[in-house]
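Peer 1: For this one, chain A is given, so just place chains B, C and D on it according to the hints.
This is what each chain is made of:
Number of protein chains: 4
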Amino acid sequence: MPESKKPHPPAPSRLGVWLVGARGAISTCVVHGVHGLREGLIEPVGLVTESAALAGLDFAPFDALVFGGHDVCLRDLSRSTLELQRQHILPPNLAQSGAAAAHAYESRIAPGILDQCDVGLADLDPRSAALSARAPRDQIAALVEDLRRFRESERLERVVVVHLASAEAARPARPEWNDLADFERSLDAQIVPPASLLYAYAAISAGAPFVNFTPNLGASIPALRQLARERGVAHCGNDGKTGETLVKTVLAPMFRQRALRVLAWQGYNMLGNRDGATLADPAHKELKLRHKGELLKELLADPSVHGHVAIDYVPSLDDWKTAWDYIHFEGFLGAKMSLQFTWQGSDSALAAPLVLDLVRLVELAQRRGEVGEMAATAPFFKAPLAGGSHDFAAQHAQLEAWARRQRE
Amino acid sequence: MPESKKPHPPAPSRLGVWLVGARGAISTCVVHGVHGLREGLIEPVGLVTESAALAGLDFAPFDALVFGGHDVCLRDLSRSTLELQRQHILPPNLAQSGAAAAHAYESRIAPGILDQCDVGLADLDPRSAALSARAPRDQIAALVEDLRRFRESERLERVVVVHLASAEAARPARPEWNDLADFERSLDAQIVPPASLLYAYAAISAGAPFVNFTPNLGASIPALRQLARERGVAHCGNDGKTGETLVKTVLAPMFRQRALRVLAWQGYNMLGNRDGATLADPAHKELKLRHKGELLKELLADPSVHGHVAIDYVPSLDDWKTAWDYIHFEGFLGAKMSLQFTWQGSDSALAAPLVLDLVRLVELAQRRGEVGEMAATAPFFKAPLAGGSHDFAAQHAQLEAWARRQRE
Amino acid sequence: MPESKKPHPPAPSRLGVWLVGARGAISTCVVHGVHGLREGLIEPVGLVTESAALAGLDFAPFDALVFGGHDVCLRDLSRSTLELQRQHILPPNLAQSGAAAAHAYESRIAPGILDQCDVGLADLDPRSAALSARAPRDQIAALVEDLRRFRESERLERVVVVHLASAEAARPARPEWNDLADFERSLDAQIVPPASLLYAYAAISAGAPFVNFTPNLGASIPALRQLARERGVAHCGNDGKTGETLVKTVLAPMFRQRALRVLAWQGYNMLGNRDGATLADPAHKELKLRHKGELLKELLADPSVHGHVAIDYVPSLDDWKTAWDYIHFEGFLGAKMSLQFTWQGSDSALAAPLVLDLVRLVELAQRRGEVGEMAATAPFFKAPLAGGSHDFAAQHAQLEAWARRQRE
Amino acid sequence: MPESKKPHPPAPSRLGVWLVGARGAISTCVVHGVHGLREGLIEPVGLVTESAALAGLDFAPFDALVFGGHDVCLRDLSRSTLELQRQHILPPNLAQSGAAAAHAYESRIAPGILDQCDVGLADLDPRSAALSARAPRDQIAALVEDLRRFRESERLERVVVVHLASAEAARPARPEWNDLADFERSLDAQIVPPASLLYAYAAISAGAPFVNFTPNLGASIPALRQLARERGVAHCGNDGKTGETLVKTVLAPMFRQRALRVLAWQGYNMLGNRDGATLADPAHKELKLRHKGELLKELLADPSVHGHVAIDYVPSLDDWKTAWDYIHFEGFLGAKMSLQFTWQGSDSALAAPLVLDLVRLVELAQRRGEVGEMAATAPFFKAPLAGGSHDFAAQHAQLEAWARRQRE
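If you read the sequences in order, they're chains A, B, C and D.
1 is the number of the first residue of the first sequence in my numbering; add one for each residue after it.
1 is the number of the first residue of the second sequence in my numbering; add one for each residue after it.
1 is the number of the first residue of the third sequence in my numbering; add one for each residue after it.
1 is the number of the first residue of the fourth sequence in my numbering; add one for each residue after it.
Bound conformation, chain A alone (with noise of 0.2 Å):
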């Protein structure tokens, strides 16, 4: 019934990003990048969303985006903008010409909060602190506040929020997190849970579509998948898929379907980055590794695959992720065999303009009446919010089946 089908809302002109771990690598790369791209200094290189498998959708154009977040440090921007030139991954020419609009960024960034297991960070903002020790409803509100404020002073049509913060360290699952409700009764009832949920319900109870790149719950608890959906919401997660679990999820399914029996696959990663010394501390990497060794077993369909992944802190290396794998695999006759891996890369300069497809993506997603988890979104994630397998070319051809559908 193509006479009834109305047209979908045109793409914002003004549309609000705001970023969780304003100050962070990722940010930086995320708003010098959006700066170069829109003087021409850069190429679209690593952006889905610039890619032929996603022409002639509407997403929100680059000139649209606005940018403000939270963080809980202090640090300056323009410190970590050194820090990326000086590692070799944003050009000088590049940070010199987007200062102004750098700065204009950070006037817009607000004091966060801070989860309750990261007590005691070094140079912390003070009102950060103040914040987070009051009640969980109060630090909601505040946040909230900030979503509208920046709204409304930048008169933007949407704001998406991103959460970029560092990992979490992990907490057991608590049974009020099943039921939206038995969840707002334990906020009134002033229990703290991980600041990454309070930033999720921030975020969907005003209405913002939400995407978590991090290892943190964000909203994949029921109770927030259940607010998402009561409040038409759009959002994905969890856990970027940048580097070396890309590579496995490629490879993996190689192995399956060829019938070459994996007898173990073994994961060395190594970094240097803030992300990395957080990680350093075993409760902290837990989610993480948890997301990067739970999908072999569903990629190879053997849940006894003997799997190990470490990530281990190499200050030298700053934000040069370096991993290496060994896949120990079976062939015809018993025959052992092997493939290794080494893989390279800028963590940073790989999320970023993930980040900027999530947003365009969810954004789309949730103006033209998509709500709750957003499955096209999966090949972005090492545990994506609704499931499915973590086969990357099998996500990526969802994510292209839904691009053509966008565009019928």
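Since the hints were made in silico from the structure, they are not lab data.
Any given hint could turn out to be false.
Stated by the list, open to error - If you only want the chain D side, here are some residues facing chain C, beta carbon under 7 Å, derived: (1) Gly33; (2) Val45; (3) Val250; (4) Gly293; (5) Gly334; (6) Ala349.
What the hints assert, rightly or not - Computed Cβ-Cβ distance ranges for the label pairs, DEER-style: (7) D/Ser304 <-> A/Pro303: 34 to 40 Å; (8) D/Ser304 <-> B/Arg38: 28 to 34 Å; (9) C/Asp123 <-> B/Asp63: 36 to 42 Å; (10) D/Gly387 <-> C/Cys117: 54 to 60 Å.
For glycine and all other residues, C-beta sits at the position ideal for the given N, C-alpha and C.
Peer 2: Positioned in the frame of chain A, the structure of chains B, C and D alone reads:
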């Protein structure tokens, strides 16, 4: 109209498998492997036709297979068996248990024909030398007669021919190859084409499904594709995709789908088996290099990508192909990154189960009325006869779709 | 004054080699290897004492060696032999030809003693369990009696004891280990030390040269070094330098000599043999990790260099130790560079010839009057008893200098 | 007889360093690096003459160095500086701070001579083209005059000439190169030799110590060695040992010293700088490949070892030489094992400090009366002029011994 649907003919209870290159390492692995599968000495690792993706199809059972073949060498099969044991590919117990079966197989090996460029080869069967000196029509007649005798003496319902002989020297395409009538006239005129064309002509004209696992031309020239259609023969090729190229065809799509720009893809292959010795000659490796190199351009949708493929002969490696690929790529902000991998696998143990898969696939296809290039076999080849993308995941999805259609 | 120089005693015509860990993979390789060398079935590859550097010294000939040993397991030696064949380390023909020699060797294996931390081990010899429950002086007496009986029944001129048993759990050093009298009082007081100390005590007090190829304490405590000097015994250890560490000790000096600054050295080791299973326990791998890690600081003359060593158990690898090291370093102008290597070697086939070398070296040394820690064996160990640099080239130069002195 | 020992002449307070290939990447790194060292902007990483091994020698201080040089290109030095910044080799602050020094240096660059095989090179200085068309004696006279003018105008106590120009095409040795008189007659007869011989002739006849860091012939022909002895000139070469070959010359001795049998050593080198572009031509890479390949035979004491070296041009890598070596070796019992390594380093940043080391070493040597090929510089070269083993550790030990003698 299910009522009118005729039931498919049943799987053969005696299926001939005629191996060209019958004394080579792959053939030896195939024959011993089938013995091992029948006796329950090995598991069907590496066999796609035994995997969940192709379950429910009535492939020819392993018990039905009877092996024979052509070879130009005199070297005893037991020598090949011993070499494969020494190289840790064929387990000693399997070799011992399969000795009688191998002996029976050897009695069914007939002298083959030799490519003109390979005259003077060591340990050549004088009967092959004599046969190869005769007119092309006589050579074809001798090959066809061998197939007929095999079929009758072994009471076979059908024979599948698999081309596994050494890589031939590349030769410029000739105009008469474009048309069957022209090609046949050239045969009458005693113009001797590459041996692989004669093998393909013989097989197809005898109505035998034909599998070309080598980089040789086989049935890929237009004239022989025409012959296959006229005779109702299903066939497939060229150049089995066993190792480094397989990995390439899952990794390259990942870069494209993530919009990462590949700057250079260098592939260094080393091997030490007979295949390696043959490929040490530039003329003999030309076709293989072409197949290995061309597919990157399609997969990356970048005809000018900097790529280089080398194949070097390293005798001590024997059958253990070792390849190192270095992929240099660019991400967001112009950051240069890399992925490198080392593949170590037994070429013969990787090829053998694919040969068995292809025999079963092409036999099933022809039994059910498929004619000509069998598109569903694309994931098995570096240069699939029916064309299409080299993306392994996409090829495998096509194979699964074919299997679903067969099950309907 | 050559006239006064006494001629050296001649090489023994019957030399006992007593292997502690007699049923293990290294011992099995040693026994079969010596058989192969005697019969001309293998070449002396991997044997430093057969290389040009040590030519002209009257080492004990392979024909003179008679093997016996201690073990705590009941597992049949033929099982170890089969495993090594299945793992492609011991060639089938060698195993077959050496079966009688191995059988004779097995008849000379006596029950050994068990470290207190390893009580409850699988397939334990009940005689070992009983022996290990007795007072330390009784355990020593039993071990000494085994050596005496071996020497007499086989009419041996001398016995060398080689410690090849599993890695023991690390234990804090005790004050009584610093002095022989104190240590002996503690034995009288029935304080049970690690089993490796008892083995070393027994060997040295029986006048047998002692080789400690393991990371265990062995004869490294001051009390036992004192005992060796008093008894005129030559000994050496600890912890055979077979693979990844060997490579480290040639690469690290290169960086220092070129004034390149190593920023990080990460070493990831994987193995799947019994040693690997033992080392999967943190307490058991502590000493080994310490030896592997400490030497970098000396070699790089940088006590604060960022280094990390991991040892992971990967059962499918069996004896094939696979290690990946990533070395991040800085050059001129602050440019960051890297070297990474992957080592793949059979731990047992690497260790076995070194064990034979050490037996011959320590026997020659003691025969010629050397007493105490044998400094010239430093290139064979991760933690040489006589100290000195870990620089392999420097250690080897010292060994060559020692050989020159022996030839004079 | 210490009383008769004359004191050594003091280090020069103004030392000229004349760089042939003055606008190239290495020269640019040298000039900016010395500026950085003087200003305390960088540490002396990669400088062997600043390491403990060579402490206590009165090398020319960095403050004394004055740079000039020859080049055949017109390309501005600032372009080379920008390229090195873009390639993340030269830090922006260093480039900025050194701009004035670089500018002064550029004013001291004179047009050089061009090898006959390279006529037609892009962006060629027309003065170089004109000069190269003249008779060889005229070319030499022009070069000598440039050195004289440099020395006088800058009031230098001495000038060291360093050959850093591109790899020349290999040419067959000529009989007249074996004798100085013959060589000079051929010059008189206007037979034009490779340009590197003319540079060497000019430097040596001007009494300047000469360093040949390239694979070119330089002063290696007997005629020029004779000239150096006659003129009392110290010199050294050929072909700086910066990366993959350096690693080879520490690993290969390890295999020999451990009596492990190397079965094959495959080395694959990739680079994308001007050197790489030049070496893409087979004639130009011949000498380099020869140096890289030959040394394995000596190091492994095995003239028939299977070895292969490739150098491929991969433009995107720029100056970042990336090499993969695969070493296949045999251990005890015939077990086959492997070591593979990947080296990633900036060729220019590796070469530059060695150039400075060699300038200081050869200046000190000549100041103290050494004449001819300077044997102590062997660790710096792939093909040391004074011969000897390629074993890096042994070479370094010789350098340390030389340093000790200098200190006495």
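Peer 1: May I ask which of the numbered hints given earlier this structure violates, with the numbers listed in increasing order?
Peer 2: Per hint list: 4, 7 and 8 violated.
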